[in-house]
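Asks: These are the residues of each chain, in order.
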Amino acid sequence: MLSNPPSSLSFLEGSLLIVFQGKLTLLRDTKTDGSFLVHHFLSFYLKAGCKVCFVALLQSFSHYNIIAQKLGVSLTAAKERGQLVFLEGLKSCFDVFFGEEQHVGQTNPLQFVSKDGSNLKTMYEFVRTSLMASGSDSWKCPVLLVDDLSVLLSLGVRPVDVLDFIHYCRVAVCSQLKGNIVVLVHSNDDSEDEENELVVNSLCHQSNLILWAEGLATGFCKDVHGQVKLAKAFSLLPMLP
Amino acid sequence: MAALATGGATPSDGATSFQRKVPASSRLAAIAGTRPSVRHGQLLLSSGLPSLDCVLGGGLAVGTLLLIEEDKYGIYSNLLFKYFLAEGIVCGHNLFVASAKEDPADILKELPAPLFDDVHKNQVDEKETAIKSKQESQESMKIAWRYQNLPKMEVSPAASARFGHYYDVSKTVSPELLKSIKWHRFFLPEEMSLHPEIKTCNMTCGYTRLLQSIQRIIYQEGFDGSYPQKKQKNILRIGIQSLGSVLWGDDICCTDNPEDIFSLTKFLYVLRGLLRMSLSACIITVPAHLIQNKAIMERVTNLSDTVVGLESFIGSERETNPLYKDYQGLIHVHQIPRLNSLICDVSGTKDLAFRLKRKQFTIETRAGSSQCDTFI
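Those protein sequences? They're chains A and B, same order as listed. Numbering of the first sequence is given in this note's numbering, commencing with residue 1 and proceeding in unit increments. Numbering of the second sequence is given in this note's numbering, commencing with residue 1 and proceeding in unit increments.
Pulled out of the complex, with its shape left as it was, chain B reads as follows (with noise of 0.2 Å):
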């Protein structure tokens, strides 16, 4: 696990030149988007939704999987997949799209657009944004007079400080921002078409050209430490689309008695030793409801690490019922890793549903239960 040590963060809002003096071998370049565990060093990053950060404890650790089980029509844990990785173009991390039925450039298209208030401004139009800080900065530092003449901490662009963002779901992303950060794409038919038949280990072919492809991406473009010259670390978020369904030819889905239930199973287990041993982290979405067979839903819990599933309202006798009016559907949070430490970081409450407006997923104990806790 690449559980960092992150000495003497600067400062975020890069007003002041102190910095905590530390010894120069244990200091690491601070990793865009992400910001060591309280508890025990391990490094995080934010899922894209700061309620969700709240209710795993903080955020996602690197090195992790977050398995979502989606809800029945798709629609709650497409949006969490998209908020995934629309804070990973914000922080400026390089994304790995698959998927079986979209092809990944349409999703990149119509991620959420971010929402960025006055004092964190992104810096994607550099100078235009640059003499609008400035002019509110200087208001903001009659007290620090002398440091007003100071130069100006470079950002990179893309880079926005703050851990966990909100965005609005009616906009689209700017394409500006998509060409700012580096992404890799895995299309199943694109794949299919371009290669004969292979399969090792026994394995769905498209499960076996999807690890195949993310090794390759790790190791050529050095998450996993191959290239130590390399001074600017960054992360690696591999979004993965509706895995154990049909359209990857796994038949887990579809009946009873599957011809090979081990392929998911074994596809996770590869995926994690290779999540371990880079700078990454994993979402995935699964049609859980549509698996049958509930062993493999629970062999793939274990071999997760963190599991969220979603359940939505749409449809069922809940929607009318005045208890649940506020809000669109559950949230239930299977598991949560104990990483690098004999207990977990778990909030005080598993009661949780969620409420979605335009520009605010918010994830909180049912009004009517014991507590009432709001993760905003």
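The shape of chain A in the complex, shown without the other chains (with noise of 0.2 Å):
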């Protein structure tokens, strides 16, 4: 039986986690990747003993697993613990795709791609049975990582279900599970994907915390890659001795 990792935070960040639960974390980028936020809240959740669903999209395995290396986690051993449970997006898809009928069975989150519709209802079953806590678990609370969302919407899937699965996994992760959620999304000023803004904006809404990622708007610099804003912030005051 695999005892927890010790929790590497500082007693600022341990008590952070114990405020701040059930609550959707948005992370936005503009003009700039934003997928650091992503690499940071990975090991972050994960150094704090939280048990972390992460469903990747956009790249492999591998490169989540060097970054996370040099930030101090290392996803095989979480993996092989049972405190990560890693859906490598690229993998499934690949399956789905060209894997025989019958072996894909109805179970791969990533089936909407073969059928017509866009359906995130595998998906979502996926993340709440990974999510459910075990007898034999002693992790805290669990965690749903996202990057990225604005995948989904290349995918063929509509907005509105889109929106319709961060529902239904906010039940079910925030207020059943009193868990987090984290999800990355893609925005741009001028951008002329009006789906990818619906969503955007009505996750701005809907999210407790948004960090956005931007470039800075004086235009290209080599040292200074851009700039993070922080809109709708807990209040920490009344907590915090």
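Treat the hints as calculated values from the structure; they're not laboratory data. Don't take every hint at face value.
Unchecked claim - Which bits of chain A does chain B cover? Going by a derived footprint, with three or more residues having C-beta under 8 Å, they are: (1) 90 to 99; (2) 190 to 203.
Stated by the list, open to error - Computed from the model, here is a short list of chain B residues facing chain A with C-beta under 7 Å: (3) Val270; (4) Arg276; (5) Glu298.
Everything numeric in this text was worked out from a predicted model, so none of it was measured. Beta carbons are placed, not taken as given, at the ideal position from N, Cα and C, and that holds for glycine.
Fit chain to chain and form the complex, with the hints in mind.
Replies: Following this line, the structure appears as structure tokens:
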């Protein structure tokens, strides 16, 4: 029976975790790549001893693993001890597209790619079963991490189905399991992708915390990659001693 | 991602037999035409243009996709496409050429001929060049006389040791050089006539067949590691011409409200999965200026790794503008991937123009902008 790794967070970070539960955090990037925030949250929650379900739609497992190792966490070890459930979207889509019908079955989370409908039900079931607390687990609050949601729109999912999926996940993860959800989306001020803007605006409205990574308004600079804006942050003051 | 660790690279010119001692288990045979990135060990390929390699931070990473947004008449994007394939021939990689308008055999015949300088000879005709280089080496080895009589290190044919080569666009590649590599073809009119209609995943028929063809080649030739006993690994360079155009059966280029706007993006997503799990790299040219629905291009950009847009001055008022008189067009680097690291290797400037000469395609910052770097 593997024991939990010692929590390597500071006292402040630890107390933040107790306070910040059942929340939806939206990571948003404009004119820059916001995936560094995803890597940060992944290693943060793993170090804190939370059970994490990572829906990684855009990159391979080894990419996240190599960066996580630089940040001090081993994803392979986390997977082995059951702390991390990793959905590699690229691999699942490959199985759906090139696999035999009967082998794929109905349980592949990305099986909506092959059907006409844009039903994310199987993906939601996957998230729910992976974060459901089993008897022998002693992890802290469950966390769902999604990188990134805009890819689903490219795969033929309608915006309303994406929002439904997030809503169902919030019910299951945030209110029932008292966990957190962190979602990355891309957006642009002058974007012509209306469906994406619809999803992003709706999520901005629903989320408890928005972290917005932007490229500098004055243009490209080698040393400073951009700025991060914090919006809708909850108030910590009544909680701290 | 196949992030290979190449331990103890053997010296490129083969003059000494000294090699760094590393444990045998961690030693992987270096693949011809690749080098590890300085920053994060990612294996890099040359795109065929040394100046473009500089702009992209050293080269194109194995397992990634290079998307070229075509210029208005497709002249320079076609040239970049050919440089990429020609580099594969010189390095001895395998090629996969897919097109809907030109027969892949004709595309290969028109590839530019590589330029070899005196020191690095390409050993197509091994006997002839072995004699010549031995004569040269006898002169150059006067200092290291004790190594003169040692047997020469063997270099496999058509595997040049340099990273990135120059090409002469006025000449075409020699047929002998073409015969020395293995290549695969996908010509859409041919494929459509061979098999009856099939439709998988609601994707345009042409895209489905292309994906199945690529996957079959990757699996059969072992690029995805399915034959671990095969000692010598190689890279598969995939080139797809004018993806998204009408000839592929997709209507995103000819109407404002296409019937199926997801075919191209689904194709790119499945292709991304294929590339990530194999030792391959892909170049795709897309007629972006024809796609009316700009949302599609935004999604396509998000699903690609490196995106470069070309803008030629032909037929525009910039052709006669004295500011641009030395250049043929502009290069816009829309996206560079961040692989296995939190930051990417991006050059300091974004104001780039290109200039094509017979033997060189240079990318420079525009004369008159504050910095002047030339990427030769």
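Asks: Any CB of chain A closer than 7 Å to the CB of glutamate 298 of chain B?
Replies: OK, holds: glutamate 298 of chain B within 7 Å of chain A, min 5 Å.
Asks: Quick check: do three or more residues in the segment 190 to 203 of chain A have a beta carbon closer than 8 Å to a beta carbon of chain B?
Replies: holds (count 6)
Asks: Are three or more residues of the segment 90 to 99 of chain A within 8 Å, CB to CB, of chain B?
Replies: holds (count 7)
Asks: Hint check: is the beta carbon of arginine 276 of chain B less than 7 Å from a beta carbon of chain A?
Replies: Hint on arginine 276 of chain B: holds, closest Cβ of chain A at ~5 Å, below 7 Å.
Asks: So, valine 270 of chain B near chain A? Judge it on the closest CB pair being under 7 Å.
Replies: For valine 270 of chain B, the interface hint holds, since the closest Cβ of chain A sits about 5 Å away, which is under 7 Å.
In terms of the numbered hints stated before, the structure departs from none.
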